[in-house]
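Novice: These are the residues of each chain, in order.
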Amino acid sequence: MRGKIICLLLACAAALSGCAARPAVEEAPAPAVTLSALQYELENIAIDFNHLWFFQRVEEQTGVHVDFDEVKDSEWSSSVSLAFARGRMPDLILRGSLDVEEYGVRRGLLVPLDAYIDGGAMPNYAARLAESGLREQLTASDGHMYQLGFLISQGVNTNGHFFINRAWLEALGLPVPETVEALTETLRRFRDSDPDGDGQRNEIPLAFTLDDNNTGVYNLFSFFGLPLNEEYVYIDEAGRVRFAPEEDSFLACAAWLRQLVAEGLLDVDFISQGSNIWAEKVNQGHVGMFSYWRLQNTALTPEVAAAYQLMLPVRAADAKACLPRNMDIIEFGAALTRDNPDIAASLRWLDAQFETENMLVSQNGEVGDTLTRRADGRYEVAYVPAENALYQRVPVICGQFFAPQAYYDAVYVPAAHREEKKAYCQRYEEAGVLEETSFKYLTAVAPKTAEENARLTRLKARLKAVVDAEIVTLATQGGDEAEAEAFRARLREAGSEEYVAIYQQVYDRWKGGQP
Amino acid sequence: MGEKRGRRGSITLRYALSYTAVVLLIFAALVAYLYTLSDREARESIITAQINRLTRMANQHESYLSAMLNTAEEMGLNPHIEPFRYDEEPWKAYDLQLQMVPYTSTSTFCDQVYLHFTGEDRLYSSSASMTLEMFCRLMRYERLTPEETRALIQENDRLTILPAQRVESSLVDGNQLRLVTFIVPLGANPGTSKGSLIFLVKDSVYQALFSDAIDGELNTYILQDGEVIASAEELPVDRAEALRPSEEGESRVFRAGGEDWIAVSLGERSWGLRYATVLRSADVNRAVRGRVQRTFALLPLLAVLAFGLALWLARRQAEPIRAIHSLLTPEADAPRRDELQQISTGIQRLTNRNQELSSRLERAMPMQRHDFVFRFMKGRYATREEAVAAARAVGLEIDRPWFAVILCNGPEGWDRPFELNQPPFDRLPGITGAGVELVALKAILYLAFAEEKEALSALAEAVRRESEGDGSPCVTAMSAAHQAFEEAPAAYLEAAAAFDNRFVMGQQAVLSYDAVSADVAEILPRAAKLTTSISQALALGNRSMLDERIDELLRFLKRTHMSPFTFRMIYNHVIDTLIHAHGAALASGTTAREYFDIFSLSSCQSIDDLDALLRRLCDSLMAGESPAEAAEGLREADEIDQVMRYMEGHFSDPELSMAAIAESFDLSTSRLSLSFKERAGMTPLEYLTLLRTERAKVLLTETERPIREISEEVGYYDAGSFIRRFKQLTGETPLQYRKLHGEKE
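Sequence order for the protein chains is A and P.
So the first sequence is numbered by the numbering used here: it starts at 1 and just counts up by one.
So the second sequence is numbered by the numbering used here: it starts at 516 and just counts up by one.
Incorrect hints may appear among the rest.
Stated by the list, open to error - Listed next, with one range per pair, are the computed distances between beta-carbon atoms:
1) P:Asn704 with A:Glu387: 47 to 53 Å
2) A:Asp48 with P:Glu589: 19 to 25 Å
3) A:Ser97 with P:Gly782: 52 to 58 Å
Bear in mind the hints are in silico, worked out from the structure with no lab data behind them.
Glycine is no exception: its CB is placed at the ideal position from the N, C-alpha and C atoms.
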């Protein structure tokens, strides 16, 4: 009860200060306030934060002066630890990374910001956070928000998309396949029908690499309803963590891969070739189908890229295609420490940076120079100065930025290749071929302890060796029931059960802390 | 004054000129040395620096090569890395890649490593595999066709190094890079190698290797079999001319393009590698000039400093000489001569004077020692350290544990030796000290210090023997051995006491104070008690008691064996006690010295002499008491006399108390006690005890009645109290008294 009253009072106070801070950009600045900040800095780019034009502009707008203590990436973690250990905390911690569970939840050294945000102390940021639906990512296990997020939404919901040689389909008069059987038959036609018309049997119906969700065969498991990702775990409809390689669909797909290799439909080099060799092969123009991030502005030559078109993942019998779902992951933006003498001024200064033009300027440079404001009110990049010259004026990636997808689309015109990727993602979303709950909740959102992280890393390395070796074995040599049992035994021996249990525990803990 | 200034100037100038001359000589030698050697040294040092640089570079480069060869050898020996046919067993490519990871992930030298099995058409790295044809197509070497590249890889029987050249490839970062390619046979035996390793090394790694050159522009080359495999070229010199093998050693100078160049190279090293560098001769000359100039630039500064130092030293040297000169040569007497000669003369004069003083001092030393001995004997030195220092000043080292005083009256005409450190006493080990003559005693006093106590006795014996010489009788007396210096006066008195005992003890041995003083301690206390009784009788004016007590003392002395020394000590005590207690009563004109002259003691050598002297003294004292009494306080004296009579008549009454007596005579107890003390010299209680003791003595010597009865008879309730009081007063218990005095009676 007392907690609720305190929260209420805080909210009221924040609301009052928020009302004062709301027109910060337009109104005359409040009396000068000086704050200290521990500021993250890129390793290879020196930025003079204390004399950066952008922060002088923000100071003029808010009346808040910040003294920056810049820390390079390699020293960031130790500097943060040292600041808290010595008890001489800066007022603000900006960018980089911060263990809010440790310093916020467990040690109470950070200021909970949810009451202030909800109370109107940060109107720019609060509005965007509410629209994004990403609040849960920023909520710590005790239900409070100790950090402001950093997000540049790309609208990317999956890594690799499938592309099929449209020219070959057209040459052979084939439709885009929708099932595994149809695809297999199409690939056979690619192999046998000299679709490139050069008179040689040099066609590679399927070209992949091994172990990722970009060009790797991991994506092919989605045809069998298995969202096999590089962490091997996913969340089923009941909210349970599943280990993908232990699913029957894994073996079913592996058997299909064996068939493809045996028939020469899948380039067997996938087991050992890297993405360079893969791209070289695709660029030779003899590949029928592959998966990739997008077509434009990649390792593929524009001529080759032009011959391909997006295709939806096909589905095996009794299966629904399911690719791993990607999602926007919010990075650490800013936090206020308990030593902060003026929380209202601090939030006013931060929120000014989230004002749309300020925010886009901080990322792309001044309007009229490197940034242009179009007639429709959206901004677009005019040009990118060479040799990181932007960092002499604005903080770029080291500044505050919070742009969820919808908002970002409304205020910013992305580059063409980003538009291309976004379109593919929308298509896949509409087709319903992505997993329901992103595995990123397990791997990136739900906070883990250092011990859990270390253990998961070790277990994953073991499990990856077993899984990849099994894919290679099954695809090149095939396997029977006994082999399948032996594979599952090897997975258990490598710690698959503990791996899943840890993820389940992490996920449950995080879900339990959500409002 | 002007003359003085002139002298000063001449001394300083002389030194200044001397030092300056030395400095000039050193400078001349230094300049000549630098002029001769600096150019050559600087040139050689630049060449040496380049040789060292090349050697460091070669060592580093060859360590990289060794690491690559080791990797090839280890992979060749790895049983899991065996040739296979990819088209038949493609899955082995996956295993092979896993095997390659540890070999290729740690090198900082090479960028990528590919493995090729002999006879196979594929290449494998830890992250990729491809056909040889694709590799050759993807790796487009600037100076090799794909076919040539393929042929080089397939001919894998020896180490092959493809010189740095531009390579266009998507396999390496940047697409267009300069690479040095090493093709190394797989395994330890190149002839039977199962394949080869292809190491791709970025030229930037070599440039980093060359980047330690800090001496301006130069070219650096690494060659194998005469072909440059990597280089950093900043100078426009013809490479062929620069790398022409030299027969002149590690460096040579050559001319090309109208300029002189210096080439420095190391001889051929492992794997046919050679390392060379080329410098512009003009640059080297400039550097040499710079170094020489820097060296010479210091010379003027050093010269100024050295000259300043010379002046300072000259002034510093001249100053004390001037001071010495002024001390040795009084201004008025100083003729205009050379100052140093004057100093020499003055020093000679001082030396002569010093010798004279030394001689005088030597002669005065016995007197000083004499003075020291007297001062020591009188205890004039406050601390031991002070005494030791004073002794050292007169040539005596007295800081030894023991000392004693020896008195000796040698015969007439004896050549008295005063020095204990000289013959005839110098044979005694650990002894030091000195002797002085005591004219009054006609004796020599030796003050001796020793490491051992026994040595002092030995010395005394030696003194005695020496003094006897021709057999003439003489006396040698010695104090006890002492350690604390402040006991020196006591030691003297002890020696004197022992010396005085010569009349009794004879002259055959050393008279030791330890021996003569032994019986004094026993006899004197008893005699003192008896003397107190005489004094009390005198005080009471009781003639009969006085006679009785004098008799008792004489009886005691007669029946006691004692040395004359002890006798004299007792005599001394008795006379001294009586004169001090009753001296005021002596008749006018009579002095204490008449009865107590220490120097006349020798005339009182028997108990009978003492008897006469003692009675004469007591008579004088008794006679002196009456007039004093008559003068004043007669009435009070009568009262006290009456009290005394009363106590004499009633002392055997155990109930007799001061209060009762005072009441009887109408006196207060305090008044009684005070008046009685003034009259009788003792308190009434002491007098009562005296009466009871005297009566007891009579009963003890004249009857055989038990002690208990006697105690009751004389007024004691219990025998214990009687015995304690009796012993307190006489120094003997009643029984001892009866035994001693009764038997004699």
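Novice: All hints are to be evaluated individually against the structure, with a verdict given for each.
Specialist: Right, here's what the structure says about each hint:
1. Between P:Asn704 and A:Glu387 the Cβ separation comes to about 52 Å, which falls inside the hinted range of 47 to 53 Å.
2. Distance hint check for A:Asp48 and P:Glu589: the Cβ-Cβ separation is about 50 Å, which falls outside the suggested range of 19 to 25 Å.
3. For A:Ser97 and P:Gly782, the Cβ-Cβ distance of about 56 Å falls inside the hinted range of 52 to 58 Å, so the restraint holds.
Checked against the numbered hints above, the structure breaks only hint 2 and satisfies the rest.
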